[in-house]
Structure formats: C-alpha cells, structure tokens
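Novice: Given next are the chains, with one letter for each unit.
There are 2 protein chains.
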Amino acid sequence: MSEVVGGRRARGGGAARRAERSAVRIECARFIERNIPNLEILDDEALAIIEHNAETVLEEIGVNFVENPEALKRWQAAGADVDFEAERVRIPRGLARQLCKTAPASYVQHARNPERSVTVGGRGLVLAPVYGPPFVRDADGGRRYATLDDFHKFVKLGYMSKWLHHSGGTVCEPTDVPVNKRHLDMLMAHMTLSDKPYMGSVTEPSRAADSVAMSEILFGGLEDRTVMTSLININSPLTFDGIMMGALEVYARANQAAIISPFIVGGAMAPVTVAGTLTQVLAEVLAGVAYSQLVRPGAPVIFGAFVTSIDMNSGAPTFGTPEASLITYGAGQLARRLGLPYRSAGAFTGSKLPDAQAAYESANSLNMGLLAGVNFMLHACGWLEGGLVSSFEKFVMDADQLGVLHHLAAGIDMSENGQAMDAIREVGPGGHYLGCAHTQANFKSAFWRSEVLDYKPFETWAEEGARDTMALARARVDKLLADYQKPALDPAVEEALTDFVARKKASMPDAFM
Amino acid sequence: MSEVVGGRRARGGGAARRAERSAVRIECARFIERNIPNLEILDDEALAIIEHNAETVLEEIGVNFVENPEALKRWQAAGADVDFEAERVRIPRGLARQLCKTAPASYVQHARNPERSVTVGGRGLVLAPVYGPPFVRDADGGRRYATLDDFHKFVKLGYMSKWLHHSGGTVCEPTDVPVNKRHLDMLMAHMTLSDKPYMGSVTEPSRAADSVAMSEILFGGLEDRTVMTSLININSPLTFDGIMMGALEVYARANQAAIISPFIVGGAMAPVTVAGTLTQVLAEVLAGVAYSQLVRPGAPVIFGAFVTSIDMNSGAPTFGTPEASLITYGAGQLARRLGLPYRSAGAFTGSKLPDAQAAYESANSLNMGLLAGVNFMLHACGWLEGGLVSSFEKFVMDADQLGVLHHLAAGIDMSENGQAMDAIREVGPGGHYLGCAHTQANFKSAFWRSEVLDYKPFETWAEEGARDTMALARARVDKLLADYQKPALDPAVEEALTDFVARKKASMPDAFM
Chain W
6 MSEVVGGRRA RGGGAARRAE RSAVRIECAR FIERNIPNLE ILDDEALAII
56 EHNAETVLEE IGVNFVENPE ALKRWQAAGA DVDFEAERVR IPRGLARQLC
106 KTAPASYVQH ARNPERSVTV GGRGLVLAPV YGPPFVRDAD GGRRYATLDD
156 FHKFVKLGYM SKWLHHSGGT VCEPTDVPVN KRHLDMLMAH MTLSDKPYMG
206 SVTEPSRAAD SVAMSEILFG GLEDRTVMTS LININSPLTF DGIMMGALEV
256 YARANQAAII SPFIVGGAMA PVTVAGTLTQ VLAEVLAGVA YSQLVRPGAP
306 VIFGAFVTSI DMNSGAPTFG TPEASLITYG AGQLARRLGL PYRSAGAFTG
356 SKLPDAQAAY ESANSLNMGL LAGVNFMLHA CGWLEGGLVS SFEKFVMDAD
406 QLGVLHHLAA GIDMSENGQA MDAIREVGPG GHYLGCAHTQ ANFKSAFWRS
456 EVLDYKPFET WAEEGARDTM ALARARVDKL LADYQKPALD PAVEEALTDF
506 VARKKASMPD AFM
Chain U
6 MSEVVGGRRA RGGGAARRAE RSAVRIECAR FIERNIPNLE ILDDEALAII
56 EHNAETVLEE IGVNFVENPE ALKRWQAAGA DVDFEAERVR IPRGLARQLC
106 KTAPASYVQH ARNPERSVTV GGRGLVLAPV YGPPFVRDAD GGRRYATLDD
156 FHKFVKLGYM SKWLHHSGGT VCEPTDVPVN KRHLDMLMAH MTLSDKPYMG
206 SVTEPSRAAD SVAMSEILFG GLEDRTVMTS LININSPLTF DGIMMGALEV
256 YARANQAAII SPFIVGGAMA PVTVAGTLTQ VLAEVLAGVA YSQLVRPGAP
306 VIFGAFVTSI DMNSGAPTFG TPEASLITYG AGQLARRLGL PYRSAGAFTG
356 SKLPDAQAAY ESANSLNMGL LAGVNFMLHA CGWLEGGLVS SFEKFVMDAD
406 QLGVLHHLAA GIDMSENGQA MDAIREVGPG GHYLGCAHTQ ANFKSAFWRS
456 EVLDYKPFET WAEEGARDTM ALARARVDKL LADYQKPALD PAVEEALTDF
506 VARKKASMPD AFM
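Which chain is which? The protein sequence lines are W and U, in order.
Our numbering puts the first residue of the first sequence at 6, with every later residue one more than the last.
Our numbering puts the first residue of the second sequence at 6, with every later residue one more than the last.
Hints may contain errors.
Repeated chains share a single entry, so a pair holds when one copy, or any two copies, can fit it.
[Said to hold, decoys possible] Restricting the straight-line Cα-Cα distance to at most 20 angstroms, the calculated cross-link-like pairs of lysine to aspartate or glutamate (EDC-like) are:
#	residue 1	residue 2
1	78	64
2	449	316
3	186	209
4	461	316
5	186	221
Source of the hints: derived by calculation from the structure; they are not laboratory data.
Pulled out of the complex, with its shape left as it was, chain W reads as follows:
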C-alpha cells in the first residue's frame, strides 16, 4: 500500500527531522503504575457465588448475537448450544471462561510518539477523555450541538493535559460532518493534532476498517502492533448487536484492542441490586471476550463495565452514586480473577453545569476508579450532563484532578529521605519546618499542586474578581488553546492521511443518519 510506504519514508526523512526539531515539547505524565493496593470489597465466597451465577446465566438463559449469522456459527463450532432462529447462544458452564484464557492480561498500545505508548493491564491506569456527547458547553456559548471545530479543540486540550495519557475517540460528536464521514475527520484530528494513543471508530465495521487503514498509514504499517483501543458496547441485557460485533471482528483480526463493555443503567438494563448487576456484567463480558477470542485467539481485550444507577423517581440515570461504586469495586475483582485488564469509572455526573454537583459526583467516581483497580478509564475528564455534553471547563477541571490520582497511586516513600528523621531532629518541639534543610531539599516535588484551583488569600482572590472554579477553568481553557502547538509529524504522512480521507469522502454520498 502506498500509505505504508509513505509512513516508512517518514522515519528517515529530512522533513520529519526538521518538524521534530521545531516542535514544542509538552509535559505528559507516564501512565499510572499503582504502588497502593486495590480495595477488595467482596470475599472469595461472594466472588465464587457471582461467578457461579454468571455461568448459570450463560448456560440456562444464554445471550443473543443478533443480525450476525457468522457469529452464531462460530459459537456452534466452539461447542455452544445455538438457537439460530432466536439468535440465542447458550454457553455450557466453563466454556466462555476457558475461551477467555487466550486473551492477554496486559498489552501495550503504541502511540506514534513512543514516549506516549501505554501499557493497559496489571497495576496500571491509563486515563482517556470523555467519549460520545452530541453537545458541548462552555462558559461563553452555553450548550449547543458539537462541531468539528469543537472536536479539534478537545483533542488539543487533551494533548496539552499533563495527566491525560490518551487522546480518546469521540471526544464530542462533530455533528456538522455527515455521519458516514465523521470517523475520518475524527481520526485525522487524533493522528495529527496529538501524538497520544487514540481510539478507532466502531459505528460500522467499514469504519473500523478505515481506522485500521489510517493507522497503517500513520505508523508505516502495523505488523500486528496494537495502536488502537476501541469501545465495543454490549446491548445490555445479554445482547450483542451485529454492528458492534462487526467492528470487534475487524479489530480483533488486526490485533487491535477492544473494550468489551456492558452498558448498564442499573434498574433498567440490569437488576436493581449490586450482586445481580455484577452477575449480569460478568456473564456479558465472558461471552463478549470469548467471542473476540473465537475471532482471533490472543486479540487484546478489556473487561469493561459502564455502570450507573437510576433515579427511581424520574428514571434519570444518576452518577457518582454509592451503588455504582460498589459495582465498580466488585467488577474489578471479577476482572482480576479472569486475568483481564479492566475498564470502568470516569468523571461522571448528571449535572448540567460544571458546578459542585458535577465535582462531587466526578470525584466520587474518579477516586473509586483508582481504588477499584481500573486499568483503562474512559471519560476521565470533560463529561457533563449524563454524557450528553462535553464541557470545556469541566475537561480542564477534571484533567487537573487526575493529578491527584497520580500522586495517590504513588504510595508512601519509605526511604531514609521519606522517613525524615533528620528533619524532626533539626526542628524539634515548637519549631517549624518551612526553612529546614529537609524541606528545602524536597519541597518542589513534595506536594501535588493544582494548576486550576484557587489557593490565594481571600483578599487577593476578592480583588481578582472572586472567581469560582468555572471562571478559573475558563481561563485555563483559553491559556491551553493559546499555548497549543501541533506535535511534529512527517508532512508526507500527513499528506497520505489527507489523501486517504479525501478519497474515502469522495467515494460515498453524505449521510446524516
């Protein structure tokens, strides 16, 4: 393929070297490697009950693979009991778990900038931004349909966010671009405006194939390297639709990673109880991951769990709730027992504004995600209004809070310097530590410091306009976008990508459905 050649040319090209020399280096933290334990809220007996029940669900109730005759045949060949008319697959006890064994416990997702590559699994935590909202909101323009221009801004903010490891996927829906061509513009933005890892399209199998093709251009051939982690939602309860499975098949065949994720509003798509929801989540993930391994044994997949609860008064989904936390903790244990990387949590909120509600709910979920052992956290910043809105201010507010997770995950330094006995001796009773030698040697790195929040004395703060967090965040958005500079990319690669997108767009009429 010409695109691959274009990519390979980049490695030694003078243009690429010139582009690299002129590029601004943006600070980006490495993905989190936890030095603290997970919170294990279920004991072994409870876990065994849930695992037994999940196998019962698979064996007796089964799952539906709809509009996907090939999938039904695959399942039959693997030993499942398949009802072709009902599209129902009943999976004998133990079979799905057995099939899951070929899925890797962790994998590397390569970024075009090797410093930005991430390992998904183990003790790690990779943070990725909000995914999917059709609306955006900012302090100036309020709430409105998202456009490609908004999309570009979010990719730039993600690139500029120190604590964000991943550029994500549909950071907002560019509703001004035809539905059947959006994925091309979105991928182009992630590939050219950022050098962090990104997600592929899942809205049609053909768009997944385009994602693979564009990645081949960007990377100069993939040769089975994993360069995308994409989001495959399960139609909970217990249903796998043909489009999502088609995309999964494309990705698995190309050794690209997929999050196999039940999408659950508890009380609607799953039972109102935590243990019942965990049972269903496990059954769904077992079936989905097993299916990925039927397509290609060894394909990288993630145990996903998008779980929230419902307000039984209004039917609205609710976020940052204790029931969602309990499920997230429990599902983490189930994922670890299955030996799979785990995706859950995010800066979730039902609030319409980036206000205190948004922050309480988001902080509840972010903290829980760290302690639940999540390995891949989508929606880690920018989510607002139950996922209907990508908020510019909340993006930078949440992204700043992700620094808290990094420092918490680092655990406690028990070195001689950490023990600080010299400092305690030097200062003694009634003294203070501000000027002591140990403080002078350590203060720069001792404490996490927000780059958004207000630490000023009351009087200074009042003189400067008594700004609330939204106003501070708005200033931060403006600053990051003003400071943004595009990361270096070989012009030949960018040209090849541009050509690919232009040819694809020209090959089909616009569709807005």
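Since the structure of chain W is provided, determine the placement of chain U on it from the hints.
Specialist: Frame of chain W; chain U shown alone:
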C-alpha cells in the same frame, strides 16, 4: 445539685411527656457500621519502621508540656526523663505505648435522646459538622463574622440532617458573644435545639468544667457516663500547651472523651514527606493519649490526625490533596495497631465558595475518610475556605453527600434477593428491568438518592431557572430551617440550664480576648 434533681425529675414528669408527644420526629440515620474493608496502604514492615521512629522521637527528642508543672511531675512519676526547666519530657521506648493500653478501643457517647447515642470505634463512623470558623457565608449575605444567630441556625441544620450523627461543637464562632461566655451559649444551643450528641468547650479548663456541669444538668447526673467528645489539639510539632492539657484533664477525670489531635499543615508543622509526618503524628498521639491515661486510666480518647499539606508557592494550606490522603490512610493503620478509635478527614476545601473546587476537594477527603477507617469525622459538612468559614449552602451539600458514605459502607448484599437470579431469568436478553417483579419489590431502597442535587431532564431544569448546586442548596437551607421544630425537652431541665448560664454569665465581666 439542684440541676441534677431537675434532670431526674424530667424522666417521669408530665411536662416532659407532653413535650415528647407534640414533637415532630426527625429522620436520622444510625452511625455507620462498615461492611466493607479499610484500604491498608502500608505493609507491616513500613508500619514497624514508623512505629520504631516514633519511639525514637519520644525517647531522644521528647515532647514539651508547657506551662503545666503538674503534667511534668506526672510524667516523672510514670518513669519519663523530665527536664523541668525546658519543660521537655523524654519518654523511654515503649512506655507511652504501654500507658495507652488502658484507653478503651471504643466507647459509647450518650445523647439525651438514646436513639442518637453513638459508638465511637471498631468498624463505626460517626459524622459531625464543621468546627471553629469565625466567619459564615451564605448565598444572600456573602462572607461575614459569625453570630450566635448563625450558630443557632447551624445547630438546627445539623439536627435536621439525616446523615449527620452528631451536633458537633463550635459550628461557628458566635463572635457577638464575649469570648469568656460563648461556650455557655453554644452548649445551651446544642443541648436544647438538638438531641444529638455534642462536644464540650476546650478553650479554658474552667469552660471544660462548665461543659461537664451543664451536661450533668441535662442528663440528670452523669455517673461516669460519657456524653461529650471534645477536641484537644496538639501544638505540633511535639508541644502540649497548658490550656488544652488543662481541658483534657477536666474531661478525663469526668470520663468524658477527648480527641487527641495533632494539627498539622505538612511542610510547616511536620516534615514535607508522608512517612515523616506519620512518624510525628504517632509520636504526638502516643504522648497525648498516654498523658490522658496518667490522669485517669481508662478515660476514652481518640487518635486524632488533622493533616493537610501546604502550597509551597504561597504557603497556603491546601485540602483534598493526595498527600493528605496518604497520611490519613497510614494514620488509620497506626491507630488500629494501637487499638484506639480514629479521627481524621472531613469535607475540607480551600475554596472561597461552595463551587466545584470545594466539592472536588471535599469529596476526595470524604471518600478517603470512609476507606481509611475513620471512626469520628469532624468537619464532615459545612467547612469552607480552609476552615475560616462555615457555609450554609455547603453544610447541606456535604450533609447530603454523607448519604453516599452510608450506602457505600453497607457493602454488597449477597442474599438470594441481592443475587437477583429470578430477575435475570424473568427479563432475559434484550428486555428491561423497570417493570419486573424484583425491581418493583426493591426499587424504593435500592439506590441512594440525593435530596439536594439535580436529576431533572435538561428542559425542566432550564425552565426552572437553570439552577446550579449553590442555588439548589440555598433552597434546601431555607426548607430545613422552615421545617425545623425543637426536639422535646423537659421544661424544668431547660430552666435549670438557663439558670446555670445566667448565673455563670453574671459571675464574670465580659472579655473579648
């Protein structure tokens, strides 16, 4: 004492019965008993190092007991090496820990309404409101010096808050009352406007004695029952002042509980490292608790740790930070190894407003407090601006979030009903759970529901004025204060308390220092 008689009369009096019949019953959750584990971030080796280092601090550096010759004599008699001129006490390795053994692992703090009594220690968590701010803030009046009228409102809000178990102490400083008489009005408010447990005064030993005397009136004699938990701060680093120790002595002698609490802004009153701060915290608590047991073996005390970090750019204390969380987790482990109840965490924030910053920082600390095994959480609601301000709106916002902690602490119901296999069978692939029998039977209690936050559809919310959390909280404050009704109290007891306060006030001139 006439007051005691007055109290005893209450038990059988017709007036008391009439008062009880006419009272509105306010819903109040029982204190939390955790059904989830604590997060243990330090391993045994790290804990042993910190414990060893703390003993080294006590033995080699020592602690100061200032302006308190009696305390120095007590320490000498107990076997410590005392420098009377320097007021320095060096405690031989192991002695303080040995003395701590007589302190109870848990205790009951009785409330005048027995349903509101709390157990402090074990797997429990008792939640108490903000303590100490000289200012108040509300949406209408902004920031201003606190008055007794504000104090009364906060006590009423605490009484009306379902998830708050404790009425607290100095919910704000009533700055319009002379300093030497404030404690009388504050105690009167807690005793008459609420029936939840409360804290005593610590600002002078004589005020602690007044607190005990008024409690004797309220309870009709104490007879060693513990009815107060009061806050004894250590002057970190390593200094115990005569006033606080004097108050501690009064309370210990009366078998009233005290929180022995280092007050640490890391980098100023303790080393900038987590392990160093934990070492100092443990040394200080060991010395303080040991001292309480020298005054009265068996006196109930709490291992306290008020810990925050400092912004090294400005010197301002910062809240909800990862370093403070690490210290709080570690100190919880140290407290459990010492066999003492543990006080830490709170709805801390440095923000000037009840905005997103306030909520992020508070949620970080509230979640951490639950998982760190805190048994008594002061400042669980209402804290703003680094503790300078008690905020009416934040009080109800935080108090609402305390419901999240209750539901999270309940853990996962693994009963047959919790497992919900019937529901999964009934609904099957592609169905929904909203109408199924299991949902109908469980939905009322299945999910925690906020009484402050917004769960409405966007359009409804916009029509109703697009209110942010502060506006919603303001409405909640108004509603709770409008709904408030004083809990029943025998008029004879109230009269006796009023008499006591009047006599005490008349006995001394006003002092404002």
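Novice: Is the C-alpha distance from residue 78 to residue 64 at most 20 angstroms within one copy, between copies, in both cases, or in neither?
Specialist: within (17 angstroms within a copy, 75 angstroms between copies)
Novice: Within a copy, between copies, both or neither: where do residue 449 and residue 316 come within 20 angstroms Cα-Cα?
Specialist: between (45 angstroms within a copy, 10 angstroms between copies)
Novice: Pop the pair residue 461 and residue 316 into one bin, within, between, both or neither, using alpha-carbon distances up to 20 angstroms.
Specialist: Answer is between: at 10 angstroms across copies they meet the 20 angstroms cutoff, but 38 angstroms inside does not.
Novice: One pair to classify: residue 186 and residue 209, alpha carbons no more than 20 angstroms apart. Within, between, both, or neither?
Specialist: within (11 angstroms within a copy, 74 angstroms between copies)
Novice: At most 20 angstroms between C-alpha atoms: does residue 186 with residue 221 qualify within a copy, between copies, both, or neither?
Specialist: within (19 angstroms within a copy, 78 angstroms between copies)
Of the numbered hints listed earlier, not one is contradicted by the structure.
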